[in-house]
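As a plain string of letters, each chain reads:
Number of protein chains: 4
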Amino acid sequence: MAKAAVLVSEGVVETREVPIFEPEAGGALVRIELGGVCGTDLHMIHRLAYEYPLPIILGHEGIGRIEKLGAGMDRDHAGEPIKVGDRVYWSPMVACNQCYTCTILESSPCEKAAHFAEADKPSWCSHADYGWLPRGMPFFKVPEGASLDAIIALGCALPTAVGSIDVAGGIKFGETVVVQGAGPVGLAATLVANVSGARRIIVIDNNKIRLERARLIGATDTLSLEELTPEERKNAVMDACGASGPDLVVEAAGHLSAFPEGVALGGQAGRYCVAGLWGAAGEVSFEPRQLVLKNFSVRGSMAPRAKHYYRALHLAVDMADKVPLANLITHRFGLNQAADAYAAVTGGEAVKVIFDMSIS
Amino acid sequence: MAKAAVLVSEGVVETREVPIFEPEAGGALVRIELGGVCGTDLHMIHRLAYEYPLPIILGHEGIGRIEKLGAGMDRDHAGEPIKVGDRVYWSPMVACNQCYTCTILESSPCEKAAHFAEADKPSWCSHADYGWLPRGMPFFKVPEGASLDAIIALGCALPTAVGSIDVAGGIKFGETVVVQGAGPVGLAATLVANVSGARRIIVIDNNKIRLERARLIGATDTLSLEELTPEERKNAVMDACGASGPDLVVEAAGHLSAFPEGVALGGQAGRYCVAGLWGAAGEVSFEPRQLVLKNFSVRGSMAPRAKHYYRALHLAVDMADKVPLANLITHRFGLNQAADAYAAVTGGEAVKVIFDMSIS
Amino acid sequence: MAKAAVLVSEGVVETREVPIFEPEAGGALVRIELGGVCGTDLHMIHRLAYEYPLPIILGHEGIGRIEKLGAGMDRDHAGEPIKVGDRVYWSPMVACNQCYTCTILESSPCEKAAHFAEADKPSWCSHADYGWLPRGMPFFKVPEGASLDAIIALGCALPTAVGSIDVAGGIKFGETVVVQGAGPVGLAATLVANVSGARRIIVIDNNKIRLERARLIGATDTLSLEELTPEERKNAVMDACGASGPDLVVEAAGHLSAFPEGVALGGQAGRYCVAGLWGAAGEVSFEPRQLVLKNFSVRGSMAPRAKHYYRALHLAVDMADKVPLANLITHRFGLNQAADAYAAVTGGEAVKVIFDMSIS
Amino acid sequence: MAKAAVLVSEGVVETREVPIFEPEAGGALVRIELGGVCGTDLHMIHRLAYEYPLPIILGHEGIGRIEKLGAGMDRDHAGEPIKVGDRVYWSPMVACNQCYTCTILESSPCEKAAHFAEADKPSWCSHADYGWLPRGMPFFKVPEGASLDAIIALGCALPTAVGSIDVAGGIKFGETVVVQGAGPVGLAATLVANVSGARRIIVIDNNKIRLERARLIGATDTLSLEELTPEERKNAVMDACGASGPDLVVEAAGHLSAFPEGVALGGQAGRYCVAGLWGAAGEVSFEPRQLVLKNFSVRGSMAPRAKHYYRALHLAVDMADKVPLANLITHRFGLNQAADAYAAVTGGEAVKVIFDMSIS
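Protein chains in written order, with our numbering: chain A, 1 to 360; chain B, 1 to 360; chain C, 1 to 360; chain D, 1 to 360.
None of these hints come from the bench; they were simulated from the model. Among the hints, erroneous ones may be present.
The list treats identical chains as one, so a pair stands whether inside a single copy or across any two.
[What the hints assert, rightly or not] In silico BS3-like pairs for lysine-lysine, Cα to Cα no more than 27 angstroms straight-line:
1. Lys322 - Lys234
2. Lys3 - Lys208
3. Lys83 - Lys3
4. Lys112 - Lys234
Predicted model only: the values in this text are computed from it and were never measured.
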């Protein structure tokens, strides 16, 4: 039997034993080593996101070792030879490659994206010591010697930022970038801007601890949402970027108010990558003529593609010795302390909370 | 002396005599044959747009013959040999090629874009029988035998639509396109979608006459803003384009309410080209998470570039014998009937009003 | 039992009975109505292309009706509901979605692309009255009332041209295009240029019958490879396109000599789409500095993606009443005349040869 | 009078006094501090490149202080306020903004690009202590405190590499890059790959000193053209980049043999940026089908645009404290040692030779 953090009813998580299943053809069974806790897990605990049955295992960020490979599997999803014992990192999204979005738009999310399964069925969820990756779930070999902490430290926020910024046109060296929000997606966007050679990276948040972390991974400037008025923030951005304004604004705040401010901060012929507002239901007022007067582009983005998980994995591995990525992990729990782990996320002092299956 | 339609004070237009000037080096003097009347002229008459001195000559859409070329000029701005007597079509915008927007962003509008000059100074304005094109104002030779009416029929709306759709990623053959608004910009977007091989072109407006014209130049479907509810319009668009929605929505309505409807109509991984809202001051409420959930792109656009005028000219010339472009001209006046001309635009029955300098 | 045109040994084709297989989960069994004969079939008969076992069924271009659907299949690969009796058109390439090319490059061809199976095994090949489409082989519903002849008339050359021109940046309305070669790929490129609004479409070949067909489907100019010297061809292209040269050259000739001529014909800041040279082994000499002096782009392309098959299908359907696509079919045979069918292709008078399973 | 290095006849350079001219409207007079020597200067001395009159001043890479501004000039070409005494860096190319290439293609080089003027006429050339920048010649303010040596160290090779890689699609973080040639353009491409976050940067040359410099500014691997066979180089590239090959190859070698090797080294769906072959007259043999089989893109590029000079300037300024850019300068001469300066370039031990006008 495996052990897992199981959501049994709204707000109630228990550590339970769950069955281990043989991998299907094209799939794999993974012995999980680290599992990241994401804000979405909290949303799910409080039943604010998605529809799903109960009980279910939580967690969609994981690293582990191949325990068993399904029939026909001798390579990972980047074509690298793979064998039992190798470490892998995976994307929790299976594309059907057969719906209009997958095949004709070559976009995501897949219209038939796999849903969460009950806890007593095969599950790829990562807050458990075994994960069952179905056929078609992309997993990638972790390079030898890589820092696992660095890879898990930004969790799914890293492929999210990599994917969103990619579809929003990427970042050219020398560009100026504003990041709204210094949560995991904002920090990941900061890292992407850093590695891409952005000349100025201005991060806005109200949490000083997070802004400090942002500086450690590449922010050149940080602006306090509390201490500065919108006008002062606008002026600070203009001072840093020049009168034409920033080349790119990345929304990673998840608050409706971020949208009109993002448009206002945006530069002439600038781009706005909206990555955080998927969960922010509701409307907000803004002035659309600004889009026209500034020749402005806005790109919403969700559901990074498999290639973005691959690029995120290698980005974390490559940057691990240049910036203190692993230090973003502030809390580490064993599966037996599941409730504590989820509570830590909401505590406000956490940057990243993870499950470490080596903690008993 | 030349004759010109001159705005002398708010709401008051007179036909006056104005001086003719020698062309400057790099410029040209044009004997104007046709001058289109644009909604912006009306805005200017009522002092709703731009700041400018009085009195000024109106009009920014024109075709005429070269009367005299400035020093050094033996080619048009596409490198074609040009001589006195050749017909030309021009863009009313001079780029300084020296500001951040011109040089570094390679975008428009130029930060130092030329302003309107008083009526007794050299003026490139087109509601006159002579136009003085300054150095750097792009003009292009009109091919021999081209229909002048076809070129002027959509006025500056044609380069606007050509440029906006271009920067919004263009239209691939087989794509599905929704056009909000069947005024000149919407009709021009319809023509661009037609020539680009769009499979479905759905035009929305409340004016039946305009919707009928839209069909003549390529709309495959028209939807009445009055007769259909937003939900019915959404359903009609989905029926025409498939469940994934249209590939491109073009906003050419100029009303704030168009923005949230455009986002709602937009398809999965779709694009939204916002071309008409430059003049619509004020805010509007919408749900930004839709941008994220649909992986949606929005591109505001104004100020087409010189190349878009060139492409628009040739588009009109090439399409003149395939669709009844010239028929969009519903009213034609001489300079002596200037007040009547501007009144016709607001009359509601006009599609396009032009000055024809051959009418005395 | 099904009937099929089977290659039994080099140069020897027989019509044989072969088994019919149940569809696998995710696959489909198709009762084939039309099967196109492609030059590649001839290459295979003479064992000039690919490695494969014998005996095998020939043919990779087909249209037919769903005879039986595999488990889990109720939609085609564009998400359209599908049922027994519906007509479908398919791509003969299955992507593994698990190799580096599929997942990380999002390109093609898949590194594990399915190979040809022996004639007594399940086969998707189209020179048979039944085709067995494996799981993951993209098929698309043919719209009701569509002309099947129009869809098959350009065979796999249509998705090839659609895909190649797409990855080479597409064609904007008003652009000038040169097509080298008026075989199926060249004719398909001509059709794509036509629907995309190209202003001039200049097709070069030495076969007058083919050049005539090219005119019927959109060529504005045709140039004889035999009658004109390279310099005369260059001059003719410049006359048609202007001194800056064509925006796009499409290589669909399949001869090495096409490459240096294509580079020479290419325009300033122009693009060169190389689609036909996949089979032309060997080297050719050219002057690479021309690439630099002209700021020129060259894009090689093979293996269109599933979306290009979808777009090609709809392109043929939409253009069927605008250009005489179906007339490109010059020869039509039943399966019992297989040897005649392949002989007709090499006869030189054929534009398109097809198998029509209704001919007994 | 100014002092200048003047080419008086083939192979003969003299330091001469030349007149100083007042700046024209829109232009500037610059007191030059540093002037880089480029391989093109050597070509010109031996009359291997361009057509031009004699005598002429040499040099097209310069930095200096504004001595006098022409009428109407109070900003540089990026819109920054500029005044007498400010340091500037300039592009030696004036665009007419009126030819087909400038206006319609928005490409370069301008068809009317300014030519070299005789030494007794106003000249923007940089091997002199005064430079006369004509109207429209883009110059940019050098940030306060910037290292002038770092800016001039790669000379015009830096904007060349910035521009070429830009038009070839840029470099995304995590990509793998091969650079053919470690001369100034190759070193500049290495720097661009470094700042852009390339994961592997493999530089190929036969000069060990240059390869060592390449490592200092970002190469992760260097391959000797002499010591390794083509097959060994191919294997080394594959080892570093994975079986799919590099994402980008940059040709900065200037030898015809580089082209076929670059195509052979290129990866699946890879890009090839050809920047160095503009001067390599003559043909070379290669296999074009490789372009097709690899879905490969080739982009030739010359004549960077004004924005690339701006980006190059800021790149050098920003990287000056991260990599030892200024150390690339191996030789420094006063104008009075002009012949020695040009001789040093051909000596083979030089990486970069400059004129320093403070040396008397």
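Alpha-carbon proximity between Lys112 and Lys234, which holds within one copy, between copies, both or neither at 27 angstroms: For Lys112 and Lys234, only the inter-copy Cα distance (23 angstroms) is at most 27 angstroms; the intra-copy one is 42 angstroms.
Up to 27 angstroms CA-CA - Lys234 versus Lys322, copy category: Neither. Shortest intra-copy (31 angstroms) and inter-copy (30 angstroms) distances fail the 27 angstroms Cα cut-off.
Identical-chain pair category, Lys3 with Lys208, by Cα at 27 angstroms: neither (37 angstroms within a copy, 58 angstroms between copies)
Within, between, both or neither: Lys83, Lys3 at alpha-carbon 27 angstroms: within (24 angstroms within a copy, 44 angstroms between copies)
Consistency note: the structure conflicts with the earlier hints numbered 1, 2.
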